[in-house]
Amino acid sequence: MKHSFIALIEDKCTSCMLCVRECPAWCINLDSHTVEVTEEGARRPKKVNVLDSFDIDYSLCMYCGVCIDVCPFDALAWDEHRALTSTNREDMILGIADLRSSGNA
Amino acid sequence: MPRYALTSEPRVCVEIVSAALACCTLELQAALGSGVLVESTELDASPSVIVIAGTVTDALVPSVMQLIRAHPGVKVMSFGACATSGGPYWDSPPVSKGIDQFVEVATYVAGCPPRPDAFIQAISDLACSEDA
Amino acid sequence: MNREFTWQQVEPDQWRIKVSELIDSGFFYFDFLTGVDRENIDGQSDCEVVAHLAKPDLSDSRIIFTQVKSELASIEDLAPASSWYERECAEMYGITFTGGDTRPLLRHEGLGRPPLRKSAVLAARVLTRWPGGAEPEIREDGRKVGNVSRRRQRPPGVPENWLTP
Chain A
1 MKHSFIALIE
11 DKCTSCMLCV
21 RECPAWCINL
31 DSHTVEVTEE
41 GARRPKKVNV
51 LDSFDIDYSL
61 CMYCGVCIDV
71 CPFDALAWDE
81 HRALTSTNRE
91 DMILGIADLR
101 SSGNA
Chain B
1001 MPRYALTSEP
1011 RVCVEIVSAA
1021 LACCTLELQA
1031 ALGSGVLVES
1041 TELDASPSVI
1051 VIAGTVTDAL
1061 VPSVMQLIRA
1071 HPGVKVMSFG
1081 ACATSGGPYW
1091 DSPPVSKGID
1101 QFVEVATYVA
1111 GCPPRPDAFI
1121 QAISDLACSE
1131 DA
Chain C
2001 MNREFTWQQV
2011 EPDQWRIKVS
2021 ELIDSGFFYF
2031 DFLTGVDREN
2041 IDGQSDCEVV
2051 AHLAKPDLSD
2061 SRIIFTQVKS
2071 ELASIEDLAP
2081 ASSWYERECA
2091 EMYGITFTGG
2101 DTRPLLRHEG
2111 LGRPPLRKSA
2121 VLAARVLTRW
2131 PGGAEPEIRE
2141 DGRKVGNVSR
2151 RRQRPPGVPE
2161 NWLTP
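Chains as they are written, first to last, in my numbering: chain A, 1 to 105; chain B, 1001 to 1132; chain C, 2001 to 2165.
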């Protein structure tokens, strides 16, 4: 599914920033924070990153798929093609809710 | 100006001027030849659309503006990442960072290049919004 | 055509002599000339000029290259086809081809450093906020009190301390 759509699987994202840093168009913005989680039986709490926002600016994106390739957790994936058109450039920045996979890759 | 109608809605008619600047133009041609748009002989063609397809370098801006001014009232479609924001050439000194710096854009089409169906959707959205 | 190319390094002052020799021995089809920025690779020369000459039936060819600082003698009179390439090379790599055509080819004059040199930094990469500079934040009561990593990230293609006071 080349040149289709890049979807985010939110649950798999660890906010590692790799996609953001590798994107040649600088079109991904990610905001996150850490929380301490104590798992049952663990001696010390561990730090976990929580994803606050994840935006792809589709007015800049060249659908090269570098972000998909570099993601170590497969949190980004090609998805069913969506024809993105807009009367407003800001509307082409898609957030977590709009980036969800359609399930038909 | 070539005049087209939507096959699904023959009443909706558009005039399309294409500013063929780079590779996006090929995808535009594919869309025009896809059968969804047919050449129309209807005279009262409603919205005139000018499609800026491809990379606009600073040196080309005056020519693009001249083309747009030659068609008063025309709606500008920014077709593809380059025309919208510079796209893959966003960091290149001679490339302008989006035609919306110079002219009001009626519709943006994402993609590098956008697929033909994105163009068809943008054209029908434009045509129908005019109709309403 | 799949064959090995014969590469030969030439001293800059032998450049014209080598080209005439090749032309005289039948390599008079001038294919191309270009530059290679060797900065930061061998630490010595600034740039390399590479040219490809072939026999007109393409049965044999030679690639010659030379290390240049900023000037090289033009071979325009020996191989007229090289004129366009020399002008391009001059614009893109900032090499002066002495005795050649010095008219600019594509770029306006005074546009800053030759764009294909590694030292030419794209200003947009400095002036645009790089989203990769962000890190997961450490928050207390919903307010940011720090970042997970204290290492400052630098956007690719921007040298350290470039344009920073």
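There could be a bad hint or two in this list.
Stated by the list, open to error - So the derived list for chain C, only partly shown, Cβ under 10 angstroms to chain B, looks like this:
(1) 2102
(2) 2105
(3) 2108
(4) 2115
(5) 2116
(6) 2123
(7) 2131
(8) 2134
Since the hints were made in silico from the structure, they are not lab data.
All values derive from a computational prediction rather than experimental measurement.
Backbone N, C-alpha and C fix where the C-beta goes; we use that ideal spot for every residue, glycine too.
**Study point:** Hints breached by this structure
**Key:** Of the numbered hints, 1, 2, 5, 7, 8 do not hold.
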